[in-house]
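Residue numbers (our numbering), protein chains in the order written: chain Z, 1142 to 1773; chain F, 16 to 362.
It is possible that some hints are incorrect.
Stated by the list, open to error - Just a few of them, taken from the derived set where beta-carbon distance is under 10 Å, the chain Z residues facing chain F:
(1) Tyr1392
(2) Trp1403
(3) Tyr1462
Unchecked claim - Here chain Z is said to cover these stretches of chain F; the calculated rule only asks that three of the stretch's residues, wherever they fall, bring their Cβ under 8 Å from a Cβ of chain Z:
(4) 104-115
(5) 119-130
What the hints assert, rightly or not - Looking from chain F toward chain Z, a few residues come up when the C-beta cut is under 7 Å (computed):
(6) Gly85
(7) Leu96
(8) Thr98
(9) Val350
In short, the hints are calculated from the structure, not lab data. Glycine included, each C-beta is placed from N, C-alpha and C at the ideal position.
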Amino acid sequence: MSGPKLPQADHRTNGGRQAGREIRDSVVVRFAGDSGDGMQTAGAQFGIEAALSGRDISTFPDYPAEIRAPAGTTYGVSAFQVHFGSQDVKTAGDELDVLVAMNPAALKVNVDDLGLGGTIVVDRGAFTDRNLKKAGYETSPLDDDSLAPYVLISLDITALTLRAVESFELSQKDAVRCRNMWALGLALWMFDGDKQATVEWVANKFAGRGKIAEANVAAISAGNAFGETAEMPSIAAGWTVNPADLDEGLYRTVSGTEALAWGLTSGLASSGLERMIFASYPITPASNLLHALARLRSHGVVTFQAEDEIAAACAAIGASYGGALGVTSSSGPGVALKGEAIGLAVGIELPLIIVNSQRAGPSTGMPTKTEQADLFQALYGRNSDAPAAVLAPATPTDCFEVGREAVRIATKFMTPVFVLTDAYLSSAAEPWRIPDVDSLPDFPVTFRTDPEGYHPFIRDPETLARPWVRPGTRGLEHRIGGIERDADTGNISYDPENHDRMTAIRAERIERIAEYIPEQIVDSGPAAGPLAVVGWGSTYGAISKAVEGSRAAGLDASHVHLRWLSPFPRNLAELLGGFDRLLVPEVNAGQLLHVLRSRLGLRADGLNRITGRPFRIREIESAIRAALEETS
Amino acid sequence: MTEATQTPTMSAKDFASDQEVRWCPGCGDYAILKGVQKTLADIGASRENTVFVSGIGCAARFPYYMSTYGFHTIHGRAPALATGLKLANPDLDVWVITGDGDALSIGGNHTLHVLRRNVDLQILLFNNEIYGLTKGQASPTSRRGTVTPSTPRGSFSNPVHPASFAIGAGARFVARGIDINLKHLTEVMKAAHAHRGASFVEIFQNCIVFNDACFSEFTDKANASSMQLLVEHGKPLRFGPDGSRGLRFDAKSWTLEVVDVGPDGVTEEDLVVHDETNRALALLLAELQPPDHPMAIGVLYRDPAQSYDEAMLTGVPRAGASVSDLLGGGRTWTVGDEGQRSDQPAG
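This is chain Z alone, in the form it adopts within the complex (with noise of 0.2 Å):
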C-alpha cells in the first residue's frame, strides 16, 4: 500500500489552470539554504518519503566545505537533491523541476540549474535587504523580472513557521530551525508524499528534548495543511509521481558509502577471517566509510583511526600480515601519502584494500566536489613497477558487490586492491532491493600451516600468490620486507636476474585475475556498431540514461561500463575492436581514454568535463549525437 493519499487537488482551481494534479514520471527537486538551515535533513526525508511510497530515487547532497560558513553568504549554501520518478532513476538529475530556496544566496547560488519554466519556492521571510546584499543582489530578484522564466512562490515561510510551532513557547532561535520542516511539509503536499516516516524520524531524532519534537512534527503538518488549504498560486496544483515498477523484493535505502561498509563486511564473512582491520584518517569525503564501519564492532569489523595517511596504510598492511583484512581509505590527497606503503604490499604481496573517494584536485582542490581523475594514480602511483588491482563501482548500490569482490581477489591474489569510489558515490542514495547475503558465494582463505617445502614466495602455480601464513604459526617462521625477495628462497636478494624475474611475477599475477573475473558485457545496445561509449565509476547512470535517451531517438550507440580498470577483462579489446568508435566520459582530463589507447591500442575519443560535478545526461546526448553525426 502507498501513503494515505491526499484528497485531489479538484477544488484548488484557480489562475485558469486545469485543476488536479499532474502527472510526470519524475521529478527533481532541490532544496537549499544556509549550511545551518537543516537542507541535508529536509532533502533526505525528502527523499525517503518517495523511496517508501514506491518512487525509484536518486539523491544527492551538495554542501559546502565549511561547516558554517558566515550565514547568508553564497559560499555557506548547502543543498540536497533528490530526483524520484515512476521510471528508472538511474542519476541525481539534470536540471531542476522545483528549487526550495530558503534565503536569497541559495537562490542565487542555484537559479541557473532549475529548467526553464521550474517552479521556486522561496522563503520571503529571509529576504531582508542584509540578506540580499550578503548574497550580491542590488535589488530584490523578489521584486524584479530576473525570476520570470520561472514559476515563484513566494512565501513568509519564516512568519509561517513561528506560528505553527508558537504554542511550544520555544527560544526564538529553535522556533526558527523548524522552517526546514515547514518546507519539507510543504514539499511534501506538492508531490502528493507521506510525512509518517519523517514524523517518526523527528520524534526519534529530538526524543528527551520534549517540546522540540512536537513543534518539528507542527511544523511539518503546517506546511503541509498550508499546500492543502492556502489561497496557493496555480502551480500548486501539485504533481502526481507514480509508483515505479521495482521488482519484488525487501528494499531499503542505501548511500554508497553504506552499501561499501556492508559489502566489504559482506566479505570478510564470506572469507571466513576473522576480522577486518580498517585503519583510517579523517578526510573529506571519505570520512563516513570509517564512521559506518565503526559501528559494525559485531561483525568483526575494528576501525583504527590513525595519526596520519601513511600509519593508517601501515596498520592495514600490518592487520593482514597478522591474518587479518586490512583495510585503509582516503581521499586522493591522502591515498597519495600511502603510496610508500601500498608499494610494500606489492613487495611483500599481502592483501590490502584501498577505497579512494576521489574528489576534486589536485591537491586540496574542491574537497566536497566529486572527479574520477584518481585512475592513474591508482594504476601508476607508486615508485618503480608496481601493479595492484583497482575496479571501480558505478552506483551506490554496486558498492555493496564491489566491496565483496576487493575481499575476494585481495585474498584469493595476495594483492592490493584500490576501489576507486568518489564524492558523488559516497553520498547519493537509491533504493536498493536488499540481496540474501546467506545466498552469496563464499570464499575462504586458507592459510598455510605445513612446513614442508614452505617458503614465503613460493607460489600457486595457477594464481601465482604467494601462501598467506600468520605469525603464531609453528614452523613456518620467516622474514619479509621490502628488499628485493629471490623468488625462489624468499631471501632477500640484489641479483639482477631474480629482481628482472620479480617485476615480471608480479605484473603477471595481476593479469592473472582476469581469468577469475566476469568477461565485459555491453551494458545497453548492441555488441557491436558503430559507437560504444565506455565509463567507468559513478558516471554510469548519466552515461546509461544518455545511451537509452539516444537509442530512443534513433541513434545507434552502445553503452559498455567497466568495473575492472586493473586487469582488464580478458575480452575487453576484442569486445571494443567491435565498434568503429569509442566514446570514452570521463569526469577527469582524459585518464581511460589514455590507457585505452596505450593498452588496447584502440582509437578513442573522450568527452571530458571536469566541473566537480556529475556529468549531465544531455551533455553525453550531444556528444553522442557528434561522434555518430562525424562519423556518417
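Position chain F relative to chain Z; hints supplied.
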C-alpha cells in the same frame, strides 16, 4: 593439543636465523642482537609467537637475523605496522626495532602515537646519533655542532633526547641500556617484555664507522662508574666509585644536583630515592646529561595501564554477527508480487 607440551627449551642460539649478519665489524648492533636472543631464551619465548618489526636503517636489518617471524617494513613506519599487527592478533609478542633517524625523524609521529596509545609492544631504539646506512649524516639525536657531510659547519639543530620524548609522549615504560653492558641490557629488556603496554628502551649503540666513541664519556670503562647512574626502584640515586656520589633534589631550582656522600658530604637520607612511578622524576632523570651529570641507565619510568589493543578488542567477537541482520536493520519496505508495498519502520 601437542603444541604446548612439545616446546623444547630454547637457547639464545636457537633464536638466530641462517642468514649471515651484515653489520660492520665492531658495530654495537652485534651485542644488542646477542642480548635480545639471550633475553628471548631467558624468558622462554617461542619462535612462532614472536615477531620483530623494523623500519629502515642499519638497526632495521635486525629481523633478518632472527629465527622468529620478522617484517622489515618502510622508513619510520614500524610502530604503525606493529599497531595493526597487534589489532589483528594481540597474542603475538611484538618487538619494534628502530633507530634514532627512523623513530625520531621520519617516524617521529608514529613513535609519539604508538607511545601515547600504549600499544602492547617492546620498542628498542638503537641510538647512535648518526645516520649510518646513508653514510653518516646528522640525525635528530646528533648533538649541536656535529660535523657531517650534510652539516659541514656543524649541526645547528638541537638534539631530541629519546627518553624525554617518550615520557612526554605518554609512554608508561621508559628505560635505557648500553650496547656494551650486555648483562644490564638483558635485564632491562626482560623488564620491557614483562611490562604490558608500550615499553620504550633507548639503547646507546656505538657506530664504529661514522660516529665512533660518541658515548665514550659515560660508556668507557674508565668513566663508567663515575658517569653512569644505574637507577633501581626504591633505592637512593647513588653513583661514582663505591657510590660516593648521589643526587639531591634542589627545591629552589627544581633540579637534581650532584652531591658527595659520606662523612664530608651529605648522608644517604638526603638523596632522592628512585620511584619508577614518578613521572616528574623520570623526566628529570631523562634530562641529565654528561659532563655535569651522570647518564641515568635502567628503568626510568614504569606505571602500567590498560594497553590499546586490549581496550580496542574488548567485545569484538571472533566470528561476526549476521550480515543479513545488518542489511535488514533500519527502515525497509517490501514490494510484493503485485507491486504492493508495506512499510516496516525501524525497530
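Comparing the hints with the structure gives:
The restraint placing tyrosine 1392 of chain Z at the interface with chain F holds, with a minimum CB-CB distance near 5 Å, inside the 10 Å limit. Using the Cβ-Cβ criterion of 10 Å, the hint placing tryptophan 1403 of chain Z at the interface with chain F is satisfied: the shortest such distance is roughly 6 Å. Because the beta carbon of tyrosine 1462 of chain Z sits about 6 Å from the nearest beta carbon in chain F, less than 10 Å, this interface hint is met. For the region 104-115 of chain F, the assignment as covered by chain Z holds, since 3 residues bring a beta-carbon within under 8 Å of that chain's beta-carbons and 3 suffice.
Only residues whose C-beta sits within less than 8 Å of a C-beta in chain Z count toward coverage, and the region 119-130 of chain F has 4 of them, enough to reach three; the restraint holds. Residue-level restraint check for glycine 85 of chain F holds (minimum Cβ-Cβ distance to chain Z is 4 Å; threshold 7 Å). Contact between leucine 96 of chain F and chain Z, as hinted, is supported at the beta carbon level, the nearest pair being about 4 Å apart and thus within 7 Å. Interface restraint check: threonine 98 of chain F against chain Z, minimum CB-CB distance 5 Å, threshold 7 Å, status holds.
At about 5 Å, the closest approach between the beta carbon of valine 350 of chain F and any beta carbon in chain Z falls short of 7 Å, and the interface hint on this residue holds.
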